[in-house]
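Those protein sequences? They're chains A and B, same order as listed. The numbering of the first sequence is this note's numbering, which starts it at 1 and goes up by one. The numbering of the second sequence is this note's numbering, which starts it at 1 and goes up by one.
Hint data in this document are derived by calculation from the structure and do not stem from the laboratory. Don't take every hint at face value.
Chain A regions said to be covered by chain B (calculated; three or more residues, Cβ under 8 Å) [stated by the list, open to error]: (1) 44–54; (2) 58–68; (3) 88–98; (4) 108–118.
Partial selection, computed: residues in chain B whose CB lies under 8 Å from chain A [claimed, not checked]: (5) 41; (6) 118; (7) 130; (8) 135; (9) 173; (10) 175; (11) 180; (12) 193.
Ideal Cβ placement from N, Cα and C applies to all residues, glycine included.
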Amino acid sequence: MPDACGRTFDEAFLSGYLDQALVQGDEQRVRVHLEDCVSCRALLEDLASVRDATMSSTFDIPRDDEWSEAPRTGTSRLLRGLGWPLVTAWIVVVIGFGLWETWQDADNLFERLLLVGGLSGVSLLLISAFLDRRHAMQTDRYREVRK
Amino acid sequence: MVERQPPVAARGDTAESESALIDLARAGHTDARETLAQRYRQPAYLLAVQMLGNRDDAMDVTQDAMLRFFTTLDSFDSERRVQPWLFTIVRNQVRDLWRRRRRRPGDSAPDADSLTSQLVAPGPSPEADLRRQQLREEVWRAMDKLPAEKREIIVLRDFHDLAYNDIAQVLGIPIGTVMSRLHGARRQLRARLEEGGRHA
Ligand SMILES: [Zn+2]
Chain A
1 MPDACGRTFD EAFLSGYLDQ ALVQGDEQRV RVHLEDCVSC RALLEDLASV
51 RDATMSSTFD IPRDDEWSEA PRTGTSRLLR GLGWPLVTAW IVVVIGFGLW
101 ETWQDADNLF ERLLLVGGLS GVSLLLISAF LDRRHAMQTD RYREVRK
Chain B
1 MVERQPPVAA RGDTAESESA LIDLARAGHT DARETLAQRY RQPAYLLAVQ
51 MLGNRDDAMD VTQDAMLRFF TTLDSFDSER RVQPWLFTIV RNQVRDLWRR
101 RRRRPGDSAP DADSLTSQLV APGPSPEADL RRQQLREEVW RAMDKLPAEK
151 REIIVLRDFH DLAYNDIAQV LGIPIGTVMS RLHGARRQLR ARLEEGGRHA
């Protein structure tokens with residue numbers, strides 16, 4: 001836009017001027033030009049208002065206790081993420097094996113019915129725990145630490 | 001849930017007390033480490049969230065960056081200032097995360113409005129304040145759409161108030177190129193704002 005405005009300096013000097021980062025001579029050159037040039041003045045005002053908005057913004061930040069309770073490193077998180085599925089798999093295998101053995105040894109219908117009931121109950125609990133766990137990891141990985 | 005922070009958390013601390021803290025932390029004083037962590041975690045988090053747009057990712061990056069900060073304390077020249085150095089670490093961690101997620105640094109934030117949603121809205125306030133807040137939201141929405149290299153230089157200068165030489169250090173570029181890069185980025189941000197209808 002202001003290429004035809006007759007300034008004798010690079011347009012980037014306007015940013016330097018805004019930031020008070022120019023050496024004295026350059027600062028003066030820009031100031032003198034701004035007195036006469038409407039378009040450079042408009043650009044500078046625009047840049048200044050955007051900068052003011054950026055500068056005065058406030059962001060949500062985590063509370064202090066969220067920092068101390070959160071897992072410390074990516075590695076510990078990774079290990080924890082691996083740990084849960086491993087533990088779950090282990091429980092499933094151990095219980096499954098135990099049940100299978102008992103099933104083989106059971107000698108009447110009543111004992112087998114008892115087994116099937118227990119087996120389905122345990123599997124439902126495990127599945128629900130696994131789903132909760134997965135949900136917690138996807139949505140909010142610090143939830144369990146916070147409560 | 002919400003805390004407010006001054007725009008530049010670490011401003012106003014004398015270099016002397018900072019280097020004294022560094023020396024103490026290096027000597028293994030837990031209190032000095034804790035003070036440093038409390039003082040710099042917040043600006044580090046803000047830079048991370050401004051680059052990543054996501055709270056959880058920003059917390060992860062900040063914690064990894066603080067950890068790295070303390071493990072590399074011995075190689076830090078305590079005559080230098082902490083913030084640019086820590087920001088360099090944060091920036092590297094952000095880039096590592098992108099690399100792991102196969103995002104390029106030139107990409108803008110993945111979900112639009114992610115930064116705007118982290119802004120603290122003012123309470124009931126006069127209309128002039130509301131208009132200012134509206135402009136802030138528009139600015140961060142436009143910032144979200146900027147490529148990372150444009151966003152980072154604006155954020156370092158205009159939000160974190162880093163001097164040109166500190167920006168050069170964080171970005172690893174010659175100080176002579178800071179002003180023109182910054183101006184180019186500000187121009188692009190302004191263009192995005194105009195697309196968004198601010199000057200309509
Ligand atoms: Zn002009």
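Which earlier hints turn out false for this structure, listed by number in ascending order? Hints 3, 4, 7, 9, 10 not satisfied by this model.
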